[in-house]
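*Asks:* Residues per chain, in single letters:
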Amino acid sequence: GESVGLHLPTLSVQEGDNSIINCAYSNSASDYFIWYKQESGKGPQFIIDIRSNMDKRQGQRVTVLLNKTVKHLSLQIAATQPGDSAVYFCAETVGTALIFGKGTTLSVSS
Amino acid sequence: DTEVTQTPKHLVMGMTNKKSLKCEQHMGHRAMYWYKQKAKKPPELMFVYSYEKLSINESVPSRFSPECPNSSLLNLHLHALQPEDSALYLCASRLTDGAYEQYFGPGTRLTVT
Chain A
1 GESVGLHLPT LSVQEGDNSI INCAYSNSAS DYFIWYKQES GKGPQFIIDI RSNMDKRQGQ
61 RVTVLLNKTV KHLSLQIAAT QPGDSAVYFC AETVGTALIF GKGTTLSVSS
Chain B
111 DTEVTQTPKH LVMGMTNKKS LKCEQHMGHR AMYWYKQKAK KPPELMFVYS YEKLSINESV
171 PSRFSPECPN SSLLNLHLHA LQPEDSALYL CASRLTDGAY EQYFGPGTRL TVT
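Here the protein sequences line up with chains A and B, keeping their order. Per my numbering: the first sequence = residues 1 to 110. Per my numbering: the second sequence = residues 111 to 223.
Accuracy of the hints is not assured; some may be wrong.
Just the calculated beta-carbon pair ranges, DEER-fashion [claimed, not checked]:
1. A:8 to B:211: 31 to 41 angstroms
2. B:113 to A:71: 40 to 50 angstroms
3. A:110 to B:175: 43 to 53 angstroms
4. B:206 to A:29: 37 to 47 angstroms
5. B:128 to A:68: 46 to 56 angstroms
6. A:40 to B:115: 14 to 24 angstroms
7. B:205 to A:61: 20 to 30 angstroms
8. A:110 to B:168: 19 to 29 angstroms
9. A:61 to B:125: 29 to 39 angstroms
10. B:223 to A:15: 37 to 47 angstroms
Computed list of lysine-lysine pairs in DSS-like fashion (alpha-carbon distance at most 25 angstroms, straight line) [what the hints assert, rightly or not]:
11. A:42 to B:150
12. A:37 to B:163
13. A:42 to B:132
14. B:119 to A:42
15. B:148 to A:102
16. A:102 to B:151
Take a look, some chain B residues computed to stay more than 10 angstroms from chain A by CB distance [stated by the list, open to error]:
17. 121
18. 129
19. 137
20. 141
21. 176
22. 211
23. 212
24. 215
Since the hints were derived computationally from the structure, they do not count as laboratory data. The structure displayed is predicted, hence computed values, not measured ones. Yeah, the Cβ is synthetic: ideal placement off N, Cα and C, and Gly gets one too.
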């Protein structure tokens, strides 16, 4: 079946660097995408979302980019901090359900 | 109140036991979800309730039985589980009516012995 996936299972950065986490999706009918952050022992936490009629959305220190031509999502985190260390999942909506990608573990060293 | 709560946080049960997981939200959300998450894997959808009615069952074995007693509560009844059912069970809720964001609880860490 169709699913959302992430390119890299792990990403290691230095504190203060900018981080880019990528995600490829295959369901062209999806109209809404979400990035979640999951810290160890916790449930996924909403970071930012984007609708399919947009190509960029900015939040506080985070930016999501959507390229529908190549079915690609990315999450950019500016000035990465140790507290950003977590697993990041992209997810697409299919009807009332969310389909999660595989996840990228972000490790931030100070 | 902007959170989803789940109890218990941890549960260890034998294969012959019957137990229940509970989820509660007071945000007025009318869609509630159960997900299963294995270690280092993404959450996998199990069940969806919309306006207290089961709308999606992702071919989950009958040893998992969901229940939605009212719009704020969601239960997952467990019976005759297998060791491979050990996982983090996550509950989520969504406002519905055009809102797509799901809010997740902290999960119940289940171990089946």
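*Asks:* The structure should be examined with respect to each hint, and the outcome stated for every one.
*Replies:* Each hint, compared with the structure:
{"no.": "1", "hint": "A:8 to B:211: 31 to 41 angstroms", "verdict": "25 angstroms, violated"}
{"no.": "2", "hint": "B:113 to A:71: 40 to 50 angstroms", "verdict": "33 angstroms, violated"}
{"no.": "3", "hint": "A:110 to B:175: 43 to 53 angstroms", "verdict": "47 angstroms, holds"}
{"no.": "4", "hint": "B:206 to A:29: 37 to 47 angstroms", "verdict": "20 angstroms, violated"}
{"no.": "5", "hint": "B:128 to A:68: 46 to 56 angstroms", "verdict": "48 angstroms, holds"}
{"no.": "6", "hint": "A:40 to B:115: 14 to 24 angstroms", "verdict": "19 angstroms, holds"}
{"no.": "7", "hint": "B:205 to A:61: 20 to 30 angstroms", "verdict": "26 angstroms, holds"}
{"no.": "8", "hint": "A:110 to B:168: 19 to 29 angstroms", "verdict": "41 angstroms, violated"}
{"no.": "9", "hint": "A:61 to B:125: 29 to 39 angstroms", "verdict": "46 angstroms, violated"}
{"no.": "10", "hint": "B:223 to A:15: 37 to 47 angstroms", "verdict": "41 angstroms, holds"}
{"no.": "11", "hint": "A:42 to B:150", "verdict": "13 angstroms, holds"}
{"no.": "12", "hint": "A:37 to B:163", "verdict": "29 angstroms, violated"}
{"no.": "13", "hint": "A:42 to B:132", "verdict": "16 angstroms, holds"}
{"no.": "14", "hint": "B:119 to A:42", "verdict": "10 angstroms, holds"}
{"no.": "15", "hint": "B:148 to A:102", "verdict": "12 angstroms, holds"}
{"no.": "16", "hint": "A:102 to B:151", "verdict": "6 angstroms, holds"}
{"no.": "17", "hint": "121", "verdict": "15 angstroms, holds"}
{"no.": "18", "hint": "129", "verdict": "20 angstroms, holds"}
{"no.": "19", "hint": "137", "verdict": "13 angstroms, holds"}
{"no.": "20", "hint": "141", "verdict": "6 angstroms, violated"}
{"no.": "21", "hint": "176", "verdict": "15 angstroms, holds"}
{"no.": "22", "hint": "211", "verdict": "6 angstroms, violated"}
{"no.": "23", "hint": "212", "verdict": "6 angstroms, violated"}
{"no.": "24", "hint": "215", "verdict": "5 angstroms, violated"}
Hints 1, 2, 4, 8, 9, 12, 20, 22, 23 and 24 from the list above are not met by this structure, while the remaining hints are.
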